[in-house]
Amino acid sequence: MNAFTSPTIVAAGFPSPGEEWREPRLDVRQLLGLASEGSFCYLMRSADMSAAGILNGDVLVASPTLVAGSTDIVIATIDEATQVRRLLRIGSVAFLVPEDPARPHAQRRPLLSGDSVLIEAVVLCNIHGLSEASRLALSNHPPHANVNRLLGLHLPAVFCTLVKGSSMQGAGVFDGDIVVVDRSQRPAPNDVIIASVNGRFVVKRFIQARGSVFLLSDHPLTPPVLVTTEMGFQVWGVALFSLHLLHQRIKNRLREQRRQGR
Amino acid sequence: MRRSVIALVDCSNFYVSVERIFHAALQKRPVVVLSNNDGNLVAVSAEAKALGLKRGMAYHRCRSIIKQHRVAVFSSNYALYQDLSDRVMQILADFALLRDGLRQQEIYSIDECFLDLSHIPSEQLLDYGRQMQEAVLHATGIPVHVGIAPTKILAKIATEVAKREPSHADVVNLVDLPEQELDAILETMAVGEIWGIGKRRAQILQAQEIFTAEILKYTPPGRTRHLLGVVGERITYELRGLACIPLEVTNKPKQGIMASRSFGRPVESQQELAEAIAHYTARAAEKLRRQQSVAASISIFVSTNRFDPETPPYATGASGRLLCATDFTPDLIAVAQGLLQQIYRPGIRYHRAGVYLSEIGPCHVIQPDLFGGYDFEQEEKKARLMATLDVITNFCGRDAIFFGAQGLERSWQAKSRWLSAHYTTRWSDLLQVT
Numbered sequence: 001m002n003a004f005t006s007p008t009i010v011a012a013g014f015p016s017p018g019e020e021w022r023e024p025r026l027d028v029r030q031l032l033g034l035a036s037e038g039s040f041c042y043l044m045r046s047a048d049m050s051a052a053g054i055l056n057g058d059v060l061v062a063s064p065t066l067v068a069g070s071t072d073i074v075i076a077t078i079d080e081a082t083q084v085r086r087l088l089r090i091g092s093v094a095f096l097v098p099e100d101p102a103r104p105h106a107q108r109r110p111l112l113s114g115d116s117v118l119i120e121a122v123v124l125c126n127i128h129g130l131s132e133a134s135r136l137a138l139s140n141h142p143p144h145a146n147v148n149r150l151l152g153l154h155l156p157a158v159f160c161t162l163v164k165g166s167s168m169q170g171a172g173v174f175d176g177d178i179v180v181v182d183r184s185q186r187p188a189p190n191d192v193i194i195a196s197v198n199g200r201f202v203v204k205r206f207i208q209a210r211g212s213v214f215l216l217s218d219h220p221l222t223p224p225v226l227v228t229t230e231m232g233f234q235v236w237g238v239a240l241f242s243l244h245l246l247h248q249r250i251k252n253r254l255r256e257q258r259r260q261g262r
Numbered sequence: 001m002r003r004s005v006i007a008l009v010d011c012s013n014f015y016v017s018v019e020r021i022f023h024a025a026l027q028k029r030p031v032v033v034l035s036n037n038d039g040n041l042v043a044v045s046a047e048a049k050a051l052g053l054k055r056g057m058a059y060h061r062c063r064s065i066i067k068q069h070r071v072a073v074f075s076s077n078y079a080l081y082q083d084l085s086d087r088v089m090q091i092l093a094d095f096a097l098l099r100d101g102l103r104q105q106e107i108y109s110i111d112e113c114f115l116d117l118s119h120i121p122s123e124q125l126l127d128y129g130r131q132m133q134e135a136v137l138h139a140t141g142i143p144v145h146v147g148i149a150p151t152k153i154l155a156k157i158a159t160e161v162a163k164r165e166p167s168h169a170d171v172v173n174l175v176d177l178p179e180q181e182l183d184a185i186l187e188t189m190a191v192g193e194i195w196g197i198g199k200r201r202a203q204i205l206q207a208q209e210i211f212t213a214e215i216l217k218y219t220p221p222g223r224t225r226h227l228l229g230v231v232g233e234r235i236t237y238e239l240r241g242l243a244c245i246p247l248e249v250t251n252k253p254k255q256g257i258m259a260s261r262s263f264g265r266p267v268e269s270q271q272e273l274a275e276a277i278a279h280y281t282a283r284a285a286e287k288l289r290r291q292q293s294v295a296a297s298i299s300i301f302v303s304t305n306r307f308d309p310e311t312p313p314y315a316t317g318a319s320g321r322l323l324c325a326t327d328f329t330p331d332l333i334a335v336a337q338g339l340l341q342q343i344y345r346p347g348i349r350y351h352r353a354g355v356y357l358s359e360i361g362p363c364h365v366i367q368p369d370l371f372g373g374y375d376f377e378q379e380e381k382k383a384r385l386m387a388t389l390d391v392i393t394n395f396c397g398r399d400a401i402f403f404g405a406q407g408l409e410r411s412w413q414a415k416s417r418w419l420s421a422h423y424t425t426r427w428s429d430l431l432q433v434t
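Residue numbers (our numbering), protein chains in the order written: chain A, 1 to 262; chain B, 1 to 434.
It is worth saying that the hints were derived from the structure and are not from the lab.
It is possible that part of the hints are untrue.
[Unchecked claim] Which stretches of chain B does chain A cover? Using the computed rule of at least three CB atoms under 8 Å from a CB of chain A, they are:
id, stretch
1, 55-65
2, 162-174
3, 208-218
4, 257-271
5, 403-409
[Unchecked claim] Cβ pair distances, simulated, as ranges:
id, chain 1, residue 1, chain 2, residue 2, range
6, A, 102, B, 404, 54 to 60 Å
7, B, 394, A, 116, 34 to 40 Å
8, B, 291, A, 234, 37 to 43 Å
9, A, 45, B, 334, 38 to 44 Å
[To be verified] The following residues of chain B were derived to be distant from chain A, with all beta-carbon distances above 10 Å:
id, residue
10, 304
11, 330
12, 379
13, 434
Predicted, not measured: the structure shown is a model, and the values here were computed from it.
Each residue gets a CB set at the ideal place from its N, CA and C atoms; glycine is no exception.
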């Protein structure tokens, strides 16, 4: 049998036609324009910016090198306390303003020359956990977390989708958000899922009751949908995170690329 | 002797299955995928097959059927297919035997791989096969066929059986199958269907009245060796359940970087050919920089269409070395175009061109050429220019900035009129949900 261990074989593997065309997988750092170094993740521990779509327990991805412009959301140290605020500037006067609808009259005095204020970083996006497990993963993230790993973009069953419309606003999923989806998970009741219905993809909350499946929107004016057999309903995946882009430049970037096409 | 168990996992109608992941309305509709340049059908869904469409048919010949039955048509989107292939292979690797820190998986093509399952007890194999099938289907939405057998050739036959007979629910295990039952399967398999036996070899066997896999199995190995050489002898042993074609597990390190395409139409002028060569060089150099390497050698090749009966076949190429390994696109383009000047012949209808970068090394090792001609400041400038170019390309797309040598019109580029989005590799192409 020794004759058969020589390296020549019957049929060599086909050169894969895709090999030459392989593109690197989606990379959040590339989307945000972050260099390999010099960015950090920050866990939001308040509702101070909830009107801007940043909820308690979200992870903020921020750039320490970007120069903060007016209307940017920034991480600032004010009198030795780290806070997330919107920077508003007019002439030589600057304000650092919270956006919490529960406290509409929070202090809005201008920054004075004697104030000890340090702007640490400009917030580029916030990551919102859509399931209990992903919220836990966010709150336990290591200080120098790799954003792509945190979102699971290296996993074979994880895909990204783009949200159009605000039907899931109540769940923290806004128009223009990127939703990270795990296709391998089976949905549990109340999970936010991506499903195909009538040949279209939707993001909705998955509810089972009395032997039927309902798709619920998290928007007061959108009624629930009862799933019937002729809709061709199929679960596409379970939503893990939504990425809310805060910086106008990055949002524009997405749009510009789309117009250019290939 | 070590027990051998090999599984072959084969994605069903891979390109069609991938398009269906991202097009919810196409689950039951007929779908076809066209080859490069939208020429022929390369993938045909079961529904489209039922309409009489077949792989290899020219698109323009079946346009009326496609229109009449509202068949969904796609240009081949290899970047997307390759990404899904990588995902499928990543999932399947975890099922393979782990030896010397390496998963015993051979990625055989974009939609097939062999796995060593010798660590799984025989009675569990069928279940294990189903688990693999479920895992891939769940994580990606791609259905697969699984064939399990003691040898590669038999595993390939097992997947054929799985495809042919729906009663097996896509998983077939031939390990420990009684000899008569196996022979009954082999009897239904023509020699031409056996993996590794092409048309020519099949003809040689048929001339000797060896028509089925079963007859081949019981032909003395010495005789098949006489007929087909060592290849035939190995196939005979493999049909008998003796593994003699090993898995090719080791991932060959990427030795060279290739960028090649066929044209959308025949190209004759040197001007256009030079544009194409420059364009592919720029692509290859971009890949080179992405893996932080430099290349010291560049080859180009051009060829006619060997399927075009009106063009005499012609192919040629040339290689050149750089004084100093580089990733600087203009330097590489200059060498590539110099090579083209040497090999260009007028009056030939060129169909394809390509560029191959080799002698690749890491970019942080500086190798000044023999005559000491290394200007640090100059190199620093070049590196900065390329880094800027890559950043702009990254954010604004490939067409935002490019070298004049790549041409403005590029009317020679292949057509892909029905290309779907690059859902998994470009932020601008994400699947939209409402």
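Which earlier hints can't be squared with this structure?
Violated: hints 1, 2, 3, 5, 9 and 13.
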